[in-house]
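Just so you know, the sequences run in chain order X and C.
FYI, our numbering numbers position 62 of the first sequence as 62, with every residue one higher than the one before it.
FYI, our numbering numbers position 303 of the second sequence as 303, with every residue one higher than the one before it.
No lab work stands behind these hints, which were simulated from the structure alone.
Keep in mind the model is a prediction, meaning the values are calculated, not measured.
C-beta atoms are modelled at their ideal positions from N, C-alpha and C, and glycine is treated no differently.
Be a bit skeptical, because a hint or two may be false.
DEER-style ranges, computed between Cβ atoms [what the hints assert, rightly or not]:
1) C:Met256 / X:Ala6: 42 to 52 Å
2) C:Ala116 / X:Ala10: 53 to 63 Å
3) C:Ala116 / X:Ala6: 56 to 66 Å
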Amino acid sequence: MDSPFAITDAVASMPDCELARSPAETKSMLLDAGESALVRWVGAHGSEPTQDRVEGFRLLALHRQAALRDPTFNACRETCRELVYQCNAAEAQADAGERVRHFRLAAAVATHLFLFIDGKLENEKLGEFCCSSRPLRSQDAVGTSAETQSPASEGR
Amino acid sequence: MSDKYRKVAYYPGCALEGTGHAYNRSTKEVGKALGLELVELQNWNCCGAMEVKNVDPKLQTFLSARNLKIAEDMGFDTVMAPCNGCYHNLKKAEYDLSHDAASRETVEKLSAKSGATAYQAGHVNTIHALDWIRDAIGTEELGKRVKNSLSGLKIANYYGCMYTRPRHIFPEKDQGAGSESTSKPHFMDDLLAAAGAVNVEYPLKTACCGGAHTLSDSDTSTRLVLNLLTTAEACGADVIATECPTCHSGLEMHQMRAEKVFGKKTTVKILYFTQLLGMALGLSARRVGVHENFSDSRDLLKARGLG
């Protein structure tokens, strides 16, 4: 499987005419890129990546699966939804120029998703990547400073 | 103009006294220009930011609750925090105190220890600078007060992550028409559009800037910021408007770092939304602290007849 970067780079470097030609295929490539980034995360934590779909998209099901064991993962929920939105918007566009524009935005979003997950994987031992998504009242956070250990690093 | 937020308590937070000084200055100047009054909290303390929260979340709740109590004791029912981190933490403290007995216990214990009365949830409402201007003035009235339209200036509005996440601490958001959206926030877009700007569609408006790891893993942060910058440019933006001092500093510093370390130069400018609004209201660039930004936008602003 190509890396998500390879996919998004390939989409980003496609000429407009090629990008507009087969929207279903381009959409699938971009969603695959997002999914493969999430699969890496889920797999790295020893789980079997889900084949389920949420609202018709495996990407959203994978995100839900990843966030279940690590609430900090909610920080990329909107990024996943934006990727789905941009891909849908592109596919639904009759205008070729608009279709290309949405696909290019989708590629940027997929790249961001990959960068986020990649950075998070790399830095897991350093603590929370996204402090805003820290579980606010996890059971182990009561009254002690033991919660400095990130939930993702527990049990490994 | 509504009386609702005409006079509110002001909690600038630590960042606005340091790297985000231009945000502090421009927020105050915009308030003055619009006839709104800010009364700074007396003897405020750090909101607990990221550092305290990561060591002991309950201590962070206490620190933020103390600020809310100060606002209450000063006779205010609303406190405005322009920094996303402070805004988030005050909201989180409010949520914790409403929903979590252990948080209430900790705050009561620490308050008693410091000889103060503990803050009780529900007495002070925390708002962001975006809520403040939008609700006190309204977009229609704001449009009428514009002296130098931002007309033609293409803006990518970047909200960052802490303004909308996690959703449950912002009960007033996602309440339908007129309320803020956590998935596609639009209050900054609305204000800048009222000032004449052209808002571009920006798909990364709430995406992570890597702020939490800006020092511990600069490369990851630089890559994330570079993607934010190149995407803004691809969307046709001249400027990225910010509403968080951490995001703003991160975008500026990593824009330079991306060029130095990765050889990737981007030219999109980075300005606080309050700086843009201030100039639209006829204030000079200097008065809203444009010279304090690392991202030098003076040539662009001059060319557009702003500041």
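Hint check results:
1. The beta-carbon spacing between Met256 of chain C and Ala6 of chain X, approximately 28 Å, falls outside the hinted interval of 42 to 52 Å.
2. About 60 Å separates the C-beta atoms of Ala116 of chain C and Ala10 of chain X, a value consistent with the hinted range of 53 to 63 Å.
3. Hint check: Ala116 of chain C to Ala6 of chain X, Cβ distance near 58 Å, so the stated range 56 to 66 Å holds.
Checked against the numbered hints given earlier, this structure breaks only hint 1.
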